[in-house]
Every structure is written in C-alpha cells, then in structure tokens.
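If you read the sequences in order, they're chains P and C. Using this note's numbering, read the first sequence as starting at 51 and increasing by one per residue. Using this note's numbering, read the second sequence as starting at 51 and increasing by one per residue.
Hints were generated in silico from the structure; no laboratory data involved. A hint or two may mislead.
[To be verified] If you anchor each label on the Cβ, the simulated ranges turn out as follows: (1) C:D154 x P:P86: 49 to 59 Å; (2) P:R133 x C:R55: 53 to 63 Å; (3) P:L59 x C:R82: 51 to 61 Å; (4) P:L215 x C:D154: 29 to 39 Å; (5) P:G204 x C:D154: 19 to 29 Å; (6) C:Y196 x P:G129: 22 to 32 Å; (7) P:R77 x C:P78: 57 to 67 Å; (8) P:A103 x C:D87: 51 to 61 Å; (9) C:F208 x P:D87: 30 to 40 Å; (10) P:T66 x C:D100: 34 to 44 Å.
[As the list claims (entries may be wrong)] So, partial list: chain C residues that the calculated Cβ filter (under 7 Å) puts toward chain P: (11) I184; (12) H187; (13) P193; (14) I194; (15) Y196.
[Claimed, not checked] Which chain C residues stay away from chain P? Per the calculated CB distances, all over 12 Å, these: (16) K89; (17) D127; (18) K163; (19) E167; (20) F208.
For clarity, every value in this text was computed on a predicted model and none was experimentally measured. Cβ coordinates follow ideal geometry from the N, Cα and C atoms, glycine included.
There are 2 protein chains.
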Amino acid sequence: MAGRRRRRLLLVSNSTLHGGGYLEHVRPPLRRFLGPDVKRILFVPYALRDRDAYAKMARETFESLGYALDSIHESPDPGEAVRKAEAIFIGGGNTFRLLKVLYDNGLIPLIRKRVLEDGIPYVGSSAGTNVATISIHTTNDMPIVYPPSLLALGLVPFNINPHYLDPDVNSTHMGREFSNGT
Amino acid sequence: MAGRRRRRLLLVSNSTLHGGGYLEHVRPPLRRFLGPDVKRILFVPYALRDRDAYAKMARETFESLGYALDSIHESPDPGEAVRKAEAIFIGGGNTFRLLKVLYDNGLIPLIRKRVLEDGIPYVGSSAGTNVATISIHTTNDMPIVYPPSLLALGLVPFNINPHYLDPDVNSTHMGREFSNGT
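Just chain P, same shape as in the assembly (with noise of 0.2 Å):
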C-alpha cells in the first residue's frame, strides 16, 4: 500500500464537438495532461458495441499525438492491462454497458488503485467520465444493461452530468428529458 498520490484526471465532457473530429477538441490539453513521460495509453472501448472499430478510431487519434495505444479488449488479461498501465483512456457510449462490463472484469479496485495510489493520469470521456465520479446515478443514459451496482470509480468525490443542457423554455412538449422524476 503505497498511500495516496496526488490524483491526476482529466474528465471531457465529450468526444466530439459538433464539426470536429474525434478528440480534436481536447488535443492541446490532452498533450499537457499526459506529459512527456506517458508513451503508451490502456484504452478502454467497453462503452461501445463495436470495440474493435472503437479502439481504430482511438488508436490513430493518440498515435497522431505522438502515443501508442493498447486496447484492453485486445488483452488476454484485461487486470494484467491495467496493473501495468502507464495512463487510462476510457472512452464515451453508454454508461450501464461501461460500468456493468468493468464490474463484470473485476477492474473497478485495479483502475481505483493505479489512479488514487499509483497516480497514474486517467482521462474520461462522457461514459468514462461519468464512470470516474462517485456514482452513475446521474447520467443521461439508457439503462440498456443491469450493472451490479450503480457506484463507479470514486475517483472524483461527486458526480458529474456531462450533457446537462438547459431546460428548452420554449418547448411545449410535456414529456422528461433531463428529470429525475422528483
């Protein structure tokens, strides 16, 4: 047990702004968070149905910035991944399938330990920046699958909406987009 580092995370909202490409919004900061230590980024595309295409995508954005990357499904032993990570990457989707195949691998304490004792940089995207906070309670997303639980990393000590919009006043329509229902 080697105590708490100082943690290092950087939680993006989104992958994509409207009209740019993948990750091309955060390029810059994303440069300045890893630093010039980190040569090779664990990806995490279980967010998302199609990993293989998922990780393609992220794959040649980080080697654009001047990053390898490995993707963790690729991995015989996704645990192994993580405990030998230099830096995470878990990209946006749907935040139940995130979570519940996290859960489902048993990485929630391995990921938990690299970042909040290790002090290893991790980075969010949408469903993997809501999978950083306490818990999902608060997300956006269908819940498509049931997850064993509902609390998430706790790399963060609250939650976070990443696509809170503000409520359209002029809209007629009676039905919730964004409600918990109280």
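Put chain C on the given structure of chain P with help from the hints.
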C-alpha cells in the same frame, strides 16, 4: 389459479399536455375504459417523493370523474390493497424509484395476478406505463435509485418509451438526449 383473462390496460404517455390540467386530455377515454362497474381506484404514487400531495391531486381528478380513490401509501398493507382493488392507476414520476418501491413492497406478482388473471383495469401514465412493460431498459429517467432488477410488470410483451422525441436535426449539441449509446 383462474387462468388468463382478457387484459384491460390504458397506457398513457403523459399525465398532462401543455396548458392542460392533470389527466385532462384523457378524461373521456378514462371514463370509457373504466366503465360503469368500477367505483374505486387504487392509486400508486410511488414514482414521486411527495406521495401525499400526489394522492391529493389524483383524488381530486378521479372524484371529479365520479370515482373514489384510495392511495396505496395510505394503506397499512399495500399487498392487501392490491388484492382488493377494483382498478389500479400507477402515476408518473421517476421510473427507477417507482419500480424499486414495487419490488420493495412485494407488489410485482400481486399486480400481475390482478391484471392478468383477474382482469381488473390497469391505467398507467408515464412511469406507470414504463413499469407495465417487460422492463424499464428504455426509460429516459435518471437512475436515482437502484432497483433489484430492471424487469417490470410484463403486462404487455414489449417495451415502451413514453417520452420519445425525434432528434433535433438542427441541434449542434453533441451530447446525447435519448441515446442507447450503441
């Protein structure tokens, strides 16, 4: 075991339309659906936090339609209230909260029996419509609580999204509103 009776379901998407009062848009269909034999409605206010205020509003509406209303949260034995109900109305709010309380109070099999075997009328609105389906995997609500399952009453053999909005093709916001994240 009386065997299956004809299902009697009225599944409404919203309790209010823009500018209208509570259930105002469904007064004639409600009366036709419940018919002359039903005298008392069992109301289930579990989807909202303030059950007293919710029951008061529902009672005023149903009394104005000529029905008495009992709210299940005022009963010392919710299961017994379901067993004796002539008709059930489950109102809207947060679908996760509603489903959790239905499970916590052991009401899922009891309501199923009354509707599917005894043939009593079931009215659902919004969250009350969601829980009438196979599961709540297609709700837009936030998961503010963690029910023991996402499976619901299964009164109909499909799921519903009662608040579906067509995508706004003019939006430049890249966040998700109703995405399943696939």
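To see whether the hints hold, each was checked on the structure:
1. C:D154 x P:P86: 49 to 59 Å: Holds, at about 54 Å.
2. P:R133 x C:R55: 53 to 63 Å: 58 Å, holds
3. P:L59 x C:R82: 51 to 61 Å: Given about 57 Å between the Cβ atoms, the range holds.
4. P:L215 x C:D154: 29 to 39 Å: Since the Cβ atoms of P:L215 and C:D154 sit about 32 Å apart, the hinted range of 29 to 39 Å holds.
5. P:G204 x C:D154: 19 to 29 Å: 26 Å, holds
6. C:Y196 x P:G129: 22 to 32 Å: With a Cβ separation near 25 Å, C:Y196 and P:G129 satisfy 22 to 32 Å, so the hint holds.
7. P:R77 x C:P78: 57 to 67 Å: Since the Cβ atoms of P:R77 and C:P78 sit about 59 Å apart, the hinted range of 57 to 67 Å holds.
8. P:A103 x C:D87: 51 to 61 Å: 58 Å, holds
9. C:F208 x P:D87: 30 to 40 Å: Since C:F208 and P:D87 have Cβ atoms about 53 Å apart, the given range 30 to 40 Å is violated.
10. P:T66 x C:D100: 34 to 44 Å: Distance hint for P:T66, C:D100 holds at roughly 40 Å.
11. I184: 13 Å, violated
12. H187: 6 Å, holds
13. P193: 6 Å, holds
14. I194: Holds - the Cβ of C:I194 comes within 7 Å of chain P, reaching about 5 Å at its closest.
15. Y196: Check passed: Cβ of C:Y196 comes within 5 Å of chain P, closer than 7 Å.
16. K89: Given that every Cβ of chain P is farther than 12 Å from that of C:K89, nearest at about 30 Å, it holds.
17. D127: 26 Å, holds
18. K163: Consistent with the label, C:K163 stays out of reach of chain P, its closest Cβ about 25 Å off (over 12 Å).
19. E167: Its Cβ never comes within 12 Å of chain P, the nearest being 28 Å, so this holds.
20. F208: Answer for C:F208: holds, closest chain P Cβ roughly 16 Å.
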